[in-house]
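Chemist: If you read the sequences in order, they're chains A and B. Everything in the first sequence is counted per the working numbering, starting at 1 for the first residue and increasing by one. Everything in the second sequence is counted per the working numbering, starting at 1 for the first residue and increasing by one.
Since the hints were derived computationally from the structure, they do not count as laboratory data. Keep in mind that the hints are not guaranteed to be accurate.
Since the list can't tell identical chains apart, any single copy or any two copies may satisfy a pair.
Said to hold, decoys possible - Result set (SDA-like, lysine to any residue): computed pairs, CA atoms no more than 20 Å apart in a straight line: (1) K283 / E334; (2) K271 / M233; (3) K92 / L50; (4) K234 / Q366; (5) K234 / V359; (6) K205 / T174.
Number of protein chains: 2
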Amino acid sequence: MEQLIPSSTVGVKINEWYKYIRMFAVPDAEILKAEVEEEIKHMKEDQDLLLYYSLMCFRHQLMLDYLEPKSLNEERPKISDLLEKIESSQTKLKGVLEYYCNFFRGMYEFDKKDYIKAIRSYKIAEKKLALVTDEIERAEFYFKMAEVYYHMKQTHVSMHYAEAALNIYKGQKTYTVRRIQCAFVVAGNFDDLESHEKAIPHLQKALKDSKAINKHKLIGASLYNLGNCYYKMKEYGKAAEYIEQAVSLYENDKSDLLPHTLFTLTQIYFKMKDIEKAFILYKKGIEKAQAINDDVLVAEFNYLKALYIDSIDKRTVFRTFSVLKDNVMYPDLEELALDTANYCKEIGQFENSTTFFAVMVDARIQIQRGECLYEI
Amino acid sequence: MEQLIPSSTVGVKINEWYKYIRMFAVPDAEILKAEVEEEIKHMKEDQDLLLYYSLMCFRHQLMLDYLEPKSLNEERPKISDLLEKIESSQTKLKGVLEYYCNFFRGMYEFDKKDYIKAIRSYKIAEKKLALVTDEIERAEFYFKMAEVYYHMKQTHVSMHYAEAALNIYKGQKTYTVRRIQCAFVVAGNFDDLESHEKAIPHLQKALKDSKAINKHKLIGASLYNLGNCYYKMKEYGKAAEYIEQAVSLYENDKSDLLPHTLFTLTQIYFKMKDIEKAFILYKKGIEKAQAINDDVLVAEFNYLKALYIDSIDKRTVFRTFSVLKDNVMYPDLEELALDTANYCKEIGQFENSTTFFAVMVDARIQIQRGECLYEI
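Take these sequences, add in the hints, and give me the full structure.
Modeler: Here you go:
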C-alpha cells in the first residue's frame with residue numbers, strides 16, 4: 001500500500017513556496033510549485049490544504065503579473081514596492097495566507113510532537129482568523145483545535161474549542177458531519193476525565209445523526225465509541241450490544257476496522273465469563289488479524305488466550321507486552337497490564353497480580369514522559 | 001486566624017461596580033465602591049487587583065464629573081451620549097478595564113473549577129491585552145496563565161505561557177522574583193511529564209537567584225522543590241540533603257511550612273531504611289503537626305508509623321486514607337497508596353499489596369473525575 005504524505009508536510013512546503021513568491025524569486029517559486037503539485041497527488045485528502053494551495057496559485061499568478069516584461073525605457077520597480085502594491089490591494093488574501101501558513105506550520109509541529117511550537121503557531125493563526133474569515137471558517141478552526149488539544153490531552157482547552165465549534169455548527173443545518181465529529185471529541189474528553197456517563201448522550205446523538213445521513217463510517221464509529229464507553233463503565237451487556245452492531249456493519253462493508261473491533265468484543269465476552277462465545281470470537285479475530293499481517297493485533301489476541309484460556313501463560317503475556325513496547329503503544333500496555341493485574345487478583349494469584357500492577361505503573365510513567373519531547 | 005477573601009471574588013465585585021458606572025447609576029455604584037473597599041481590607045494581597053481598583057476609582061470619578069449638576073435651562077444629556085463621550089476619549093482606559101474585568105472573571109471561574117468558562121474569559125482578556133499594554137504587563141499575564149494552566153494540568157499550554165513570560169523577563173534585570181516563579185512552574189510541568197531530570201536545572205537556577213536576592217521564602221521553595229524532584233527520581237541521598245536545608249531554614253524562620261517539610265524528610269529516611277533517624281523525625285514532626293492542630297498531617301504521620309514501624313497496621317493505614325478522602329486529597333491518597341503497595345510487595349505481602357494497588361487505581365480515577373465539574 002502506498003504511504004500517503006501527511007497534508008501538514010505539504011503545507012510546510014507551500015509556506016516555503018510563499019517565501020519565494022514574496023521575494024519575487026520566480027525560478028525557485030516555480031520549482032516549489034511543481035514539487036507541491038507532485039506531492040498533492042500522493043497526499044492524504046485534505047480540503048483545507050487544497051484551499052491553501054489554490055489561494056497560493058492565485059498569489060503566484062499575482063507575482064507573475066507584476067513582473068511582466070518592461071520595455072527598455074521603463075524603469076524597473078523595486079521588489080519591496082511591488083510587494084507593498086500587491087499586499088496592500090490584497091489584504092484579505094494576505095491575511096488568509098498567513099492564517100493557513102501558521103495553521104499548517106502548527107500541524108507540522110504537532111506531528112513532530114513539538115507541542116509548545118505547535119501551540120505558538122496555532123495562536124498566531126487564531127489571531128489572523130479573527131481578521132479575515134466568516135463564521136464557518138472559524139468553526140472549522142475551532143474544531144481542528146479541539147481535535148489537536150484532545151490528542152495532546154489538554155482536555156479543558158479541547159473542550160473550550162469543541163464548545164465554540166458546536167455553538168456555530170448548531171445553527172447550521174448542513175454541517176451534520178462536523179457536529180458528529182465534535183460529539184466524538186467531546187465524548188473522548190469526557191472519557192479522559194473518567195466521566196463516561198457524560199459521554200453517552202453525545203454519542204447517542206451522534207449515532208442518531210449518523211443514521212439520518214446514512215454515513216456508515218460515522219455510524220460504525222458511534223456504535224464503537226458507545227460500546228467502548230459502556231465497556232469502561234463495566235456495563236458489559238450494553239457494551240457487547242453496541243460493539244456487535246459495529247461488527248455486523250463492518251462485516252457487511254468489509255471494513256478494515258473489523259479485526260480490531262472483534263478484539264474489543266472478544267475482551268468483553270471474556271470479562272462477562274462467556275468463555276465459549278469469547279473463544280469463537282478469538283478464533284475468528286486472530287484469523288482476520290493474521291490475514292492482514294497485523295502483528296500487534298495478533299499478539300494482543302494471543303494475550304487474551306494466554307490470560308483467560310491458558311490460565312495466565314506468563315511467557316505469552318510478556319511477549320505481547322514486548323510487542324506493545326516495541327511499537328510505543330504504552331496506553332494499550334497500561335490497559336492490558338491493569339486487566340491482567342485485576343484478573344490475577346480475582347483468582348487469588350496475588351504475587352503475579354503485583355507484578356502486573358507494577359508494569360501498569362511503569363507504562364503510565366512512559367506515557368507521561370513520551371509527551372515531553374521539547375527542551376525549555 | 002482570619003479567613004482572607006480571594007482577590008478573584010473582589011475582582012468580580014469590581015466588575016459589578018463597573019456595570020453600574022457604565023449605567024451612570026450613581027447610588028448603586030457608590031454602594032458597590034464602598035463594599036469593594038471594605039473587602040479589600042480583608043483580602044489576600046494582590047497587586048493586580050489593587051491596580052484594577054484604582055483604575056476603577058478613576059473611571060468612577062469620570063462618571064461623577066460628567067454628571068455635574070446642570071442649571072435648569074441646560075438640557076440634560078443622554079446616558080448613551082455621556083458613555084460614548086467618556087469611552088471615546090479614554091479608549092486605553094476602557095481597554096485596560098475590559099482586560100482586568102475578564103482576567104478577574106477568569107480567576108473567579110477558575111476558583112470555582114469551571115474551567116471552560118475560565119478559559120473563555122482568559123481568551124477575551126488576552127485579546128484586550130494585545131491592544132493596550134506594554135511588555136511587562138504582557139509578561140505578567142503570561143505568567144498568570146502559566147500558573148493557571150499548570151493547576152489545571154494543561155501541561156503543554158502552561159509551558160507555552162511560561163516560555164513566553166520567561167522570554168520577556170530574561171531581558172529584564174529587575175524581575176528576578178518572577179523569573180524564579182516561572183522556573184517553579186516550568187519545573188512543576190516537567191514533574192507532571194515525569195521528566196524530573198529536566199526540572200533540576202531550572203530549580204538550581206531558581207535556588208541561585210533566590211540566594212542572590214536573599215528571599216527566604218523562595219530559597220526554601222527552591223530547596224524543597226529540588227529535594228522533592230530527587231525524591232521522585234528515587235535519589236534519596238540527594239533528596240534528604242536538600243530537604244534538610246529547607247528544614248533548617250524553616251526552623252530558623254519559624255515558618256509554618258516546617259511540619260509538612262518534616263513529613264517529607266521522614267518519608268525519605270524511611271525509604272532509605274534509616275529507621276532510627278526516621279523515627280526521630282517522625283516524633284518531632286507529629287508533635288509540630290499536633291501543635292498546629294493539622295489533623296490531616298497528624299494522620300499522615302500516623303500512617304508512616306503504621307507502615308514502617310508497626311509492620312503494616314492496616315487499620316491505621318485505612319484510617320489515614322479516610323481522612324484524605326474526606327478532605328478530597330486524592331493526589332496524596334494516590335501517592336501513599338502506591339507507596340504502601342510497593343512496600344508490601346517488597347516484603348512479600350502480596351495480597352495486601354494488591355489491595356493497595358487497587359486503592360491507588362481508584363484514587364487516580366477520582367482525580368480525573370474531580371476535574372470534570374462542568375456540563376456540555
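Chemist: Now tell me, hint by hint, if it's right for this structure.
Modeler: For each hint, the structure was consulted:
{"no.": "1", "hint": "K283 / E334", "in the structure": "neither (24 Å within a copy, 39 Å between copies)"}
{"no.": "2", "hint": "K271 / M233", "in the structure": "within (13 Å within a copy, 37 Å between copies)"}
{"no.": "3", "hint": "K92 / L50", "in the structure": "within (18 Å within a copy, 41 Å between copies)"}
{"no.": "4", "hint": "K234 / Q366", "in the structure": "between (26 Å within a copy, 16 Å between copies)"}
{"no.": "5", "hint": "K234 / V359", "in the structure": "between (22 Å within a copy, 18 Å between copies)"}
{"no.": "6", "hint": "K205 / T174", "in the structure": "within (16 Å within a copy, 56 Å between copies)"}
The structure shown violates just one earlier hint, number 1.
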